[in-house]
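Following the hints, put chains B and H in place on chain U, whose structure we already have.
Protein chains in written order, with my numbering: chain U, 25 to 306; chain B, 4 to 267; chain H, 51 to 331.
FYI, nobody ran anything at the bench for these hints, they're computed from the structure. Check before you lean on any hint, since a few could be wrong.
Listed below are the simulated DSS-like cross-link pairs for lysine-lysine, each with C-alpha atoms no more than 30 Å apart in a straight line [claimed, not checked]:
1) U:K199 to H:K325
2) B:K18 to U:K199
3) B:K154 to B:K133
4) B:K81 to H:K52
5) H:K325 to U:K111
6) B:K77 to H:K55
7) U:K205 to B:K132
8) U:K205 to B:K102
9) B:K154 to U:K205
10) U:K205 to U:K111
Just a sample of chain B residues kept apart from chain U, beta carbon distances all over 12 Å, derived [stated by the list, open to error]:
11) K24
12) D38
13) P54
14) P92
15) L257
16) K263
Label pairs and their in silico Cβ distance ranges [claimed, not checked]:
17) H:T212 to U:I216: 20 to 26 Å
18) B:G86 to H:I317: 41 to 47 Å
19) U:I216 to H:F77: 26 to 32 Å
20) H:A63 to B:K37: 36 to 42 Å
21) U:D187 to H:T212: 19 to 25 Å
22) H:S215 to B:R156: 24 to 30 Å
23) U:I291 to H:S291: 34 to 40 Å
24) H:S215 to B:I166: 23 to 29 Å
25) B:K212 to U:I291: 50 to 56 Å
26) H:F163 to B:E87: 55 to 61 Å
27) U:L300 to H:R237: 34 to 40 Å
Cβ atoms here follow ideal geometry from the backbone N, Cα and C, with glycine treated the same way.
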Amino acid sequence: MVFTILSVSLVLLIGVGLYLHSLPVLHKLSWGQLITSSVWKPMKGLFGFFPFIMGTLWVTGISIIISLPLCILTAVYITEYAPGRVKRILSPFVNLLSGIPPVIFGVWGVLFIIPLIQDHIAPHFVEFSTGYSVLAGGIVLAVMIFPLIVSIICEVLRTIPQDLRDASSSLGATKWETTKKVILRKALPGIIAALVLAISRAFGETIAVLMVCGNNAVVPHSAFDPGYPLPALIANNYGDMMSIPLYDSALMFAALLLFIIILLFNIISRMILSRLERRLAV
Amino acid sequence: MYQEVLQTESVVAKKTHISVKGLNVHIGSQHILKDINIDIPDKKVTSIIGPSGCGKTTLLKTFNRLLDNSSDVKITGKVLVDGENIYDPNIEVTRIRKKMGLLSQRPYPLPMSIYDNVAYGPRIHGTRKKAVLDELVERQLRATGLWEEVKERLNASANRLSIGQQQRLCLARGLAVNPEIILGDESTSALDPLSTHIIEDLFMQLKEKYSIVLVTHILRQAARISDYIIFVYMGKIVEAGPAEQVLQDPQEELTRQYVKGYIT
Amino acid sequence: MKRRKFEELFFRALMLLATIIISGSLFLIVGTIFYKGAPYMNLDMITKTPGGGFYIGKAGGILNAIIGSLYIAGGATVLGLLISIPVAIFINMYIGGKTFLANTLRMAYDVLFGIPSIVYGAFGFLIMVYFGLRASLLGGIIAVTLLVIPILVRTLDEVIRTVPSELGDATFSLGATRWETAKVILRQIRPGIFTAILLSFGRAIGDVASVLFTAGFSDNIPTSLHEPAASLPLAIFFQLSSPVPEVQGRGYASALVLTIIVLIITILSELCIRKFYKQKV
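The shape of chain U in the complex, shown without the other chains (with noise of 0.2 Å):
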């Protein structure tokens, strides 16, 4: 009825709301120098979206390295090794967690994940760091998302017949050879999904990694470098927006950008995983 074709077309209107938006800042600078310049001068009406678009990019994936693969086998821990008790409380204490707000993870990684970096692991590598840097930011989203992801796979593996298990055994595969070979290759399209998602939710995340990743506009060269993600942009600045001139076309845009990143991800991710399914075919 009315309803469904209204919120349906919000992704449209989103869109199209966004882009409207940001055009009096298209106006001045074309997409090509919006994306790739690294120059940001609200002041002087110059906005160059790189630095942003790379401290998004350097946050996410510092924290799908970190979170995947500790997901993954925690979930088989979970799913195939675990006895009953241990699985009983530990399947819903990680579900739980999943509640948590943002907020919090931000809390928690100003107290321990800002000094850990600052004095246990940054001089190992670099000559000074006050901690504040994407590396936080990447280690708070994975912690973030860990309940997200482990909840998934979790339910992936689930649903693997305990048969397929059965006859992987009488051939005489150890436990992890059967996980290694026969589990996660039926699980990979659920897997593969839940990392789409968990990407998604890394990309958008705003208040937990603004408070840890420095909000310094450069681009990261290194993981213990600041950065300053599209969300903690729009977040930081939208006090400004209205007092300067195109500012507010130029936050839009960001948004605009995440958007369409968002989308275009998940249209690709949604072919692969498709494409996957018909040829592990159930």
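Relative to the frame of chain U, chains B and H by itself:
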């Protein structure tokens, strides 16, 4: 002379491959198998029959220690394969499992190509050379009658095959690790009559090299292909002996009741 | 064989390590909040609004934020439900749950589900500007509703799909209209609806980015839709950014309040899910 023939006959028949002594299986709080003592003869087809839920499949799964995978299982007693107790704590489970091939009720091809399915077992146990694997795959696929049907598409996903073909693939896969014993858990119940016929014929051929233990609830199938029959009821062995004898002239009343539905 | 055994043990150890890291860090987070926030928790915190100078250490509490968040999350959930229930029913009953059209719609909602809350916040802001609204309770509700609709639709859709088609067939054959059948189905999945409500409420109450531009902030409890409203996440953020240790401590206490609310919601929804699935089987 009659006596001598009989004696020779019984000596040959009595060579056992699997010997179960005092086996008791508890799953959770239920006592599923009660004090089982039975011998499975070598290089013959033995069928385990009985009503549903009476422990046939559980018994089968104790032979290759597949029961270990379930939770809450307690097993006491001995299962001797070629004289070794497979439940001895020092035993390497994977070696035991390698000795037995399992065919489940529904085929479960692994999520890989036809070639990889058959090669899976040998690869795990150390065979890496492509030439060796190629030969092995072809040999087993021929043995199960699949070779002509799939030789052009060995790299296709195993899921594309029909159910009958998949089950034969699973058999080929099981044979590829060179087992001595083949276990079948109602392995033709999901198949159409033609595929069932093919698989039954295969069993009859294979018994020259392997000992075959089948769980079935189709008495006619048991009659068609078995040499020996074991009748299990409520977790206990009620009767065991040569197929014809158990089906035509059962010693126990329970057996008589159960096979009454069987038409000669 | 030795190598295989070693590989098994190695990965088993790795898995255990990963599990410990993950559960440990999550445990640590909750524990820290409790540890740091508990000393500053007192009845005042949850029953008073900020007095003058609250942010530099004087008396008051965060009642404004608590009520504000409850209003926003509550309003958004109600509004969201009004929209999502018809949508979910529409997809499943009027278009046929498995058709290409239905699946395309589902895909669209999945995309909406993945859009970050800050984009909803920005868009909500645009809507507000378009309608000439100022940062207010209404603005916050609008933005959060947009955020929450995909969550609701997704959850409701999954729940409706678990209803066997025989139920629909049965009512249709008794002569019921589609709408009447819909009502029957809804009653059947009541705990599922509950779960959906809890899930979206939990998300709504903890999210910052969507309320950032749209709800504003205020030290008072909003009395009308057009007044700005405080929200818990923002309140936490502001307090923690203060240099005064007393205020920071209260920030932790506020975080504690939010965490407890969310934990209660999550536990409730877990129980609901269990009850729902037990009922199914």
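Against the structure, the hints come out as follows:
1. U:K199 to H:K325: Distance ~33 Å between U:K199 and H:K325 Cα, so the pair is violated.
2. B:K18 to U:K199: Since the Cα atoms of B:K18 and U:K199 sit roughly 33 Å apart, the hinted pair is violated (cutoff 30 Å).
3. B:K154 to B:K133: Measuring from Cα to Cα gives roughly 16 Å; hence the hint holds.
4. B:K81 to H:K52: Cα-Cα ~26 Å, so holds.
5. H:K325 to U:K111: This hinted pair holds, its Cα atoms lying about 19 Å apart.
6. B:K77 to H:K55: It holds: about 24 Å lies between the C-alpha atoms, which stays within 30 Å.
7. U:K205 to B:K132: holds, 19 Å
8. U:K205 to B:K102: holds, 21 Å
9. B:K154 to U:K205: holds, 24 Å
10. U:K205 to U:K111: holds, 23 Å
11. K24: For B:K24, whose nearest Cβ neighbour in chain U is about 23 Å away, the distance exceeds 12 Å, so it holds.
12. D38: holds, 26 Å
13. P54: At roughly 22 Å from the nearest Cβ of chain U, B:P54 sits farther out than 12 Å, so the non-interface label holds.
14. P92: Non-interface label stands for B:P92: nearest chain U Cβ at 17 Å, farther than 12 Å.
15. L257: holds, 30 Å
16. K263: The claim stands: B:K263 keeps its Cβ more than 12 Å from every Cβ of chain U (closest is about 33 Å).
17. H:T212 to U:I216: 20 to 26 Å: holds, 25 Å
18. B:G86 to H:I317: 41 to 47 Å: violated, 56 Å
19. U:I216 to H:F77: 26 to 32 Å: holds, 29 Å
20. H:A63 to B:K37: 36 to 42 Å: holds, 40 Å
21. U:D187 to H:T212: 19 to 25 Å: holds, 24 Å
22. H:S215 to B:R156: 24 to 30 Å: violated, 37 Å
23. U:I291 to H:S291: 34 to 40 Å: Holds: the Cβ-Cβ distance is about 38 Å, inside 34 to 40 Å.
24. H:S215 to B:I166: 23 to 29 Å: The hinted range 23 to 29 Å holds for H:S215 and B:I166, with Cβ atoms some 26 Å apart.
25. B:K212 to U:I291: 50 to 56 Å: holds, 55 Å
26. H:F163 to B:E87: 55 to 61 Å: Taking Cβ atoms as reference, H:F163 and B:E87 lie about 57 Å apart, which means the hint holds.
27. U:L300 to H:R237: 34 to 40 Å: holds, 39 Å
Checked against the numbered hints given earlier, this structure breaks hints 1, 2, 18 and 22; the rest are met.
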